[in-house]
Amino acid sequence: MAAPMELSCWGGDWGLPSLHPESLTVMAYAKFSGAPLTVNTINNSWRTPKGDIPVLISEDIVISQPAKILNFLRKQKYNADYELSAKQGADTLAYIALLEEKLLPALLHTFWVEAENYCSVTKPWFASRIPFPLSLYLPGKMSREALNRILLTKGGPPLYSLSEVEAQIYRDAKECLNLLSKRLGTSQFFFGNTPTTLDAFVFGFLAPVYKVCFPRVQLQEHLKQLPNLCRFCDDILTCYFRLTISGHSPSGQDTADANLQKLTQLVNKESNLIEKMDDNLRKSPQHPPRKLTTLKLAAGGEESPLNRLSP
Amino acid sequence: MPPLHPTQVLPGCSAVPALPTGPAAQKRPEALPPLSLLPPDPAEPDPRPRPRPRRARRPAAPTRPAGERARPRAPPRAPPRAAGRRSRGGAGPGCSRPRGAASVPARALRPPGPARPPQRGRAMSLVAEAFMNQLAAAEPWPENAALYQQLKEDQILLSDNASSLAVQAFLQMCNLPVRVVCRANAEYMSPSGKVPFIHVGNQVVSELGPIVQFVKAKGHSLSDGLDEVQKAEMKAYMELVNNMLLTAELYLQWCDDVTVEEITHPRYGSPYPWPLNRILAYQKQWEIRRKMKAIGWAGKSLEQVLEDVDQCCQALSQRLGTQPYFFNKQPTELDALVFGHLFTILTTQLTTDELSEKVKNYGNLTAFCRRIEQQYFEGHDKDNSGTAAPRSAKRSLLR
Numbered sequence: 001m002a003a004p005m006e007l008s009c010w011g012g013d014w015g016l017p018s019l020h021p022e023s024l025t026v027m028a029y030a031k032f033s034g035a036p037l038t039v040n041t042i043n044n045s046w047r048t049p050k051g052d053i054p055v056l057i058s059e060d061i062v063i064s065q066p067a068k069i070l071n072f073l074r075k076q077k078y079n080a081d082y083e084l085s086a087k088q089g090a091d092t093l094a095y096i097a098l099l100e101e102k103l104l105p106a107l108l109h110t111f112w113v114e115a116e117n118y119c120s121v122t123k124p125w126f127a128s129r130i131p132f133p134l135s136l137y138l139p140g141k142m143s144r145e146a147l148n149r150i151l152l153t154k155g156g157p158p159l160y161s162l163s164e165v166e167a168q169i170y171r172d173a174k175e176c177l178n179l180l181s182k183r184l185g186t187s188q189f190f191f192g193n194t195p196t197t198l199d200a201f202v203f204g205f206l207a208p209v210y211k212v213c214f215p216r217v218q219l220q221e222h223l224k225q226l227p228n229l230c231r232f233c234d235d236i237l238t239c240y241f242r243l244t245i246s247g248h249s250p251s252g253q254d255t256a257d258a259n260l261q262k263l264t265q266l267v268n269k270e271s272n273l274i275e276k277m278d279d280n281l282r283k284s285p286q287h288p289p290r291k292l293t294t295l296k297l298a299a300g301g302e303e304s305p306l307n308r309l310s311p
Numbered sequence: 001m002p003p004l005h006p007t008q009v010l011p012g013c014s015a016v017p018a019l020p021t022g023p024a025a026q027k028r029p030e031a032l033p034p035l036s037l038l039p040p041d042p043a044e045p046d047p048r049p050r051p052r053p054r055r056a057r058r059p060a061a062p063t064r065p066a067g068e069r070a071r072p073r074a075p076p077r078a079p080p081r082a083a084g085r086r087s088r089g090g091a092g093p094g095c096s097r098p099r100g101a102a103s104v105p106a107r108a109l110r111p112p113g114p115a116r117p118p119q120r121g122r123a124m125s126l127v128a129e130a131f132m133n134q135l136a137a138a139e140p141w142p143e144n145a146a147l148y149q150q151l152k153e154d155q156i157l158l159s160d161n162a163s164s165l166a167v168q169a170f171l172q173m174c175n176l177p178v179r180v181v182c183r184a185n186a187e188y189m190s191p192s193g194k195v196p197f198i199h200v201g202n203q204v205v206s207e208l209g210p211i212v213q214f215v216k217a218k219g220h221s222l223s224d225g226l227d228e229v230q231k232a233e234m235k236a237y238m239e240l241v242n243n244m245l246l247t248a249e250l251y252l253q254w255c256d257d258v259t260v261e262e263i264t265h266p267r268y269g270s271p272y273p274w275p276l277n278r279i280l281a282y283q284k285q286w287e288i289r290r291k292m293k294a295i296g297w298a299g300k301s302l303e304q305v306l307e308d309v310d311q312c313c314q315a316l317s318q319r320l321g322t323q324p325y326f327f328n329k330q331p332t333e334l335d336a337l338v339f340g341h342l343f344t345i346l347t348t349q350l351t352t353d354e355l356s357e358k359v360k361n362y363g364n365l366t367a368f369c370r371r372i373e374q375q376y377f378e379g380h381d382k383d384n385s386g387t388a389a390p391r392s393a394k395r396s397l398l399r
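Those protein sequences? They're chains A and B, same order as listed. Residue numbers are given in my numbering: position 182 of the first sequence equals residue 182, and the series is strictly consecutive. Residue numbers are given in my numbering: position 331 of the second sequence equals residue 331, and the series is strictly consecutive.
If you are wondering where the hints come from, they were derived from the structure by calculation, not from laboratory data. Computed from a predicted structure; not experimentally measured. Check each hint, because a few of them may be wrong.
For lysine-lysine, the following BS3-like pairs were computed, each having C-alpha atoms within a straight-line distance of at most 25 Å [what the hints assert, rightly or not]:
id: 1; chain 1: B; residue 1: Lys300; chain 2: A; residue 2: Lys141
id: 2; chain 1: A; residue 1: Lys75; chain 2: B; residue 2: Lys231
id: 3; chain 1: B; residue 1: Lys358; chain 2: A; residue 2: Lys154
id: 4; chain 1: B; residue 1: Lys218; chain 2: B; residue 2: Lys194
id: 5; chain 1: A; residue 1: Lys87; chain 2: B; residue 2: Lys360
id: 6; chain 1: A; residue 1: Lys87; chain 2: B; residue 2: Lys284
id: 7; chain 1: A; residue 1: Lys141; chain 2: B; residue 2: Lys293
id: 8; chain 1: B; residue 1: Lys194; chain 2: A; residue 2: Lys154
id: 9; chain 1: A; residue 1: Lys68; chain 2: B; residue 2: Lys300
id: 10; chain 1: A; residue 1: Lys154; chain 2: B; residue 2: Lys360
id: 11; chain 1: A; residue 1: Lys182; chain 2: B; residue 2: Lys284
id: 12; chain 1: B; residue 1: Lys300; chain 2: A; residue 2: Lys75
id: 13; chain 1: B; residue 1: Lys231; chain 2: A; residue 2: Lys224
id: 14; chain 1: A; residue 1: Lys182; chain 2: B; residue 2: Lys216
id: 15; chain 1: A; residue 1: Lys87; chain 2: B; residue 2: Lys194
id: 16; chain 1: B; residue 1: Lys216; chain 2: A; residue 2: Lys68
Ranges of calculated distance between the beta carbons of each label pair, as one might list FRET restraints [said to hold, decoys possible]:
id: 17; chain 1: B; residue 1: Thr351; chain 2: A; residue 2: Lys141; range: 44 to 52 Å
id: 18; chain 1: A; residue 1: Arg144; chain 2: B; residue 2: Pro275; range: 49 to 57 Å
id: 19; chain 1: A; residue 1: Trp14; chain 2: B; residue 2: Pro140; range: 38 to 46 Å
id: 20; chain 1: A; residue 1: Pro215; chain 2: B; residue 2: Pro140; range: 48 to 56 Å
id: 21; chain 1: B; residue 1: Pro142; chain 2: A; residue 2: Gly140; range: 49 to 57 Å
id: 22; chain 1: A; residue 1: Ala86; chain 2: B; residue 2: Ile295; range: 33 to 41 Å
A virtual CB, placed ideally from N, CA and C, is assigned to each residue, including glycine.
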């Protein structure tokens, strides 16, 4: 089958597989499509690639940027949008644009520009995952880039001061959350019962807002008033990032009985394997327990593509 | 007609003509006056020299209480300024005088109406502006509403023409008459530094989003018939057009070296003499390239950008399907926006045809553009010769 694929991305905390929206998007898509990614979270070592995160490495191909990684995965036949109509595909593109234009600036601001959040959460968290001399420089650089992006895209007359720009981007972001909430309604995912690319993007943008404990949380407060979006995040976290071992993933809703049988066998085999891995990992002291989930998943994804490949 | 909440200010409205302060203001160097074109302002030099001697004298007489001196003197200072402002306002909104500062044109556009709040506190004037908006909301749409854009024949660029056409289409769809006025310095007159902007009564509003809100406050709306999900969808597609088509247009005209050299620079600086034409064009180019870098488009090649455009057109085409408008029978602001961009792309002669070819691949999109053009622009051309969207299919906008 396809060459092994390795994804390097920022690690998680606060019950999230990753703190970084773009990393989270790719991880979620890989789960949804069943792509067997080996996830390497970036830790305090020089080995990890610098530059754009997340990065997908498959043999000698190196791909960064979530959109390109998702395209690559689609070409490898890991397609979560298989059942979407052309119009739904178009909707996906439109809502991703909405997220990038309206929600991303506020998200960047919450993480990287809001001084209190940056100093007490973001900077220490990222610095602790970057090797020493760079840890003094990179978080500051990321913060400057975020501020630059916000000012260049959203600033300018008639919004002259940073506080006015802030007010505007948070207004936009809250409107965006309301729109998403209305669009989602009561359905489980954005296009029915199966998660797709759009769900991966929305999850990637929302989950960090929802879960990370910041001192200043105006976006989080607003999100928590929209129960369907919170439920959406919780569902994906529990179904795809915790319980994949038990084979509950809705992406595996396949009708063919033969496939189902094959799947059960594989799942059984898989869960044995994972249990073994778990034991090994628990013994190693340097990993906090939450990292186990990530590694579990990486292994858990190994066999699930089979059921997607036989439609 | 929902009156605006006092604290809610339309973002693009020429809200407060506050002087630029803070880092954002310093970032906009093109706010500087094109000095060589600035005609002498008879009212301005008058009040300026006077305060100086007074200030100089103040320390010389420290024994006098400050309040006593300041009071009788404050009034004489005010009238000359007001007079200066008034004379500017009287010169007409479209006077081809470049502005002195970012805020001047907004002020200059206002007729010498009721007292503008002095720029003492931002908060104060914001509230005042909100009340003005509320008052404006009650007024009907005037006959003499005007839309400003750059010179159509030899200055306006692809992206600005697209935005301007989108607003014109939107107003036509609302059945609101507007006169199109072309000014070489339209960009500097706009409160947000972007064209187009409309001048309605004593209000100046720029860009489609704020204009839609402004028109809605006056009781005209195209999207009232949509349900919540459709509204969300409409906003999402509008962001798609802004995110992809608009950015691609900006990329093409400011980052593609051939287009920059052959089209953008000559056109953008055309109303100004050398060396100002070069300086302004380079300033704008620098600004746009910084923006492209910030959103990660700087590293893209032209092919990748065209691919993005294709993807966007494909999405729009699939969303439109066989319907007459994006939300079936009734046009919305999304239709206006899409029309503005696609029609401009289709009718503009660039260095190559690659961009328009991408759009031409989608038959329903070209038919959509033709339909809106026929329905909303043909026939109106006679009334006001300035309206855009000429009938000739191929029009040289950029050459």
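Hint by hint, here is what the structure shows:
1. B/Lys300 <-> A/Lys141: Holds, at about 22 Å.
2. A/Lys75 <-> B/Lys231: Judged against 25 Å, a Cα distance of about 33 Å means the pair is violated.
3. B/Lys358 <-> A/Lys154: 29 Å, violated
4. B/Lys218 <-> B/Lys194: 23 Å, holds
5. A/Lys87 <-> B/Lys360: 19 Å, holds
6. A/Lys87 <-> B/Lys284: 37 Å, violated
7. A/Lys141 <-> B/Lys293: Since the Cα atoms of A/Lys141 and B/Lys293 sit roughly 15 Å apart, the hinted pair holds (cutoff 25 Å).
8. B/Lys194 <-> A/Lys154: Holds: B/Lys194 and A/Lys154 sit about 13 Å apart, inside 25 Å.
9. A/Lys68 <-> B/Lys300: The hint holds at about 13 Å.
10. A/Lys154 <-> B/Lys360: 32 Å, violated
11. A/Lys182 <-> B/Lys284: 39 Å, violated
12. B/Lys300 <-> A/Lys75: 21 Å, holds
13. B/Lys231 <-> A/Lys224: 22 Å, holds
14. A/Lys182 <-> B/Lys216: Answer holds: A/Lys182 to B/Lys216 is near 22 Å, not above 25 Å.
15. A/Lys87 <-> B/Lys194: Roughly 33 Å between the alpha carbons, so the hint for A/Lys87 and B/Lys194 is violated.
16. B/Lys216 <-> A/Lys68: Violated, at roughly 40 Å.
17. B/Thr351 <-> A/Lys141: 44 to 52 Å: 37 Å, violated
18. A/Arg144 <-> B/Pro275: 49 to 57 Å: With a Cβ separation near 33 Å, A/Arg144 and B/Pro275 fall outside 49 to 57 Å, so the hint is violated.
19. A/Trp14 <-> B/Pro140: 38 to 46 Å: For A/Trp14 and B/Pro140 the Cβ distance comes to about 54 Å; the hint is violated.
20. A/Pro215 <-> B/Pro140: 48 to 56 Å: Because 49 Å falls inside the window, the suggested range holds.
21. B/Pro142 <-> A/Gly140: 49 to 57 Å: The hint (49 to 57 Å, Cβ to Cβ) holds, given that B/Pro142 and A/Gly140 are roughly 52 Å apart.
22. A/Ala86 <-> B/Ile295: 33 to 41 Å: 27 Å, violated
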